[in-house]
Amino acid sequence: MKLTSGKVLVIGGAGYIGSHVVKALLENGFGVMVYDNLSTGQECNLFNKAEFVRGDIADEALLHKVMSAGFDAVVHLAAKKAVGESMKNPQMYAKNNISGTINIFNAMIDCGIKNVVFSSTAAAYGNPQYLPLDENHPINPLSFYGFTKVEIERVMDWLSRLKDFHYMALRYFNAVGYAADGSIRGKEQNSQNLLPIVMDVISGRREKLLVFGNDYDTPDGTCLRDYIHVEDLARAHVAAVKRLLQNPQSHIINLSTGKGTSVLEIISAVERVTGHKVNFEFAPRRAGDPAVIVANNDKAKEILGWSPLYTDIDEIIKTTWNLEEK
0 MKLTSGKVLV
10 IGGAGYIGSH
20 VVKALLENGF
30 GVMVYDNLST
40 GQECNLFNKA
50 EFVRGDIADE
60 ALLHKVMSAG
70 FDAVVHLAAK
80 KAVGESMKNP
90 QMYAKNNISG
100 TINIFNAMID
110 CGIKNVVFSS
120 TAAAYGNPQY
130 LPLDENHPIN
140 PLSFYGFTKV
150 EIERVMDWLS
160 RLKDFHYMAL
170 RYFNAVGYAA
180 DGSIRGKEQN
190 SQNLLPIVMD
200 VISGRREKLL
210 VFGNDYDTPD
220 GTCLRDYIHV
230 EDLARAHVAA
240 VKRLLQNPQS
250 HIINLSTGKG
260 TSVLEIISAV
270 ERVTGHKVNF
280 EFAPRRAGDP
290 AVIVANNDKA
300 KEILGWSPLY
310 TDIDEIIKTT
320 WNLEEK
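Here the sequence shown stands for residues 0 to 325, numbered as in numbering that gives the first Met the number 0.
Because the hints were derived from the structure by calculation, they are not lab data. Bear in mind that the values here come from a model prediction, so they are computed numbers and not experimental data. Where is the CB? At the ideal position from N, CA and C, for every residue including glycine. Each hint can be trusted.
Ranges between beta-carbon positions, derived for each pair:
# : residue 1 : residue 2 : range
1 : Ala68     : Glu270    : 47 to 55 Å
2 : Glu323    : Asp219    : 22 to 30 Å
3 : Ala68     : Leu322    : 27 to 35 Å
4 : Asp313    : Arg204    : 17 to 25 Å
Start from the sequences and build out the full structure, keeping to the hints where you can.
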């Protein structure tokens, strides 16, 4: 394959979001190497056109060895991301998400790699002071997971001031769906997110879904989230890489649809699309869960020329159900 765009190292590229990002990069003419420890990523999600190195972000020597081959940019998606787990085991999240990411940045700087696209989160904002959230909203994460992402954004900001180092921090919340063409075959492993759990319930792998809280200040009492299709996220990562290579300026950017969907609305949509009833019951609220997270995507449109293509929740769920049926 003749490269038309450059070479990108995708850390976490065998995972759920990472494999879709790799697919999009390859389709846009990039040369890609995947670096993944396969703790949650899967070999079946690796593409033949992408090189692969099995490694952990805790392995500083291997990161340096890999990056010494030379890359135009790094896409970093290797993070632990379960809100509840982060509140119970913050030390694990600090070690992986913060220390591991600093290992990546140190190797990049030592090897002369100047550009990184970082998978951040809308959990950085905490309880909204206004909606929809924009990038100027105050930062006040309610979970240790959100805190780790904010700390990395701060590290990147300092590095961009002190070194020839440029970043795109992409803040998004609930990634959903799968590649419409069926090319991603491996399901997300041990997901704590809503839609994969619902699919487990209707497929008999779980007995029931627990809906955490039904007394929020929302139309139906359950949390509202901004659900964004994973292929839209992947396109945004490609756009961010291109922007950095063409105009190396650092930005923090929301990726969102600007539309909130409640837990009960997701359940209803799944039942509508699949024809299966979802067995669920209400449970107490979880620590660290805001009632509503809906984000403004104007900056993504301006800086990246990006807007979501998937805006209908039924269409998003269909791409998940298609993989589930297979």
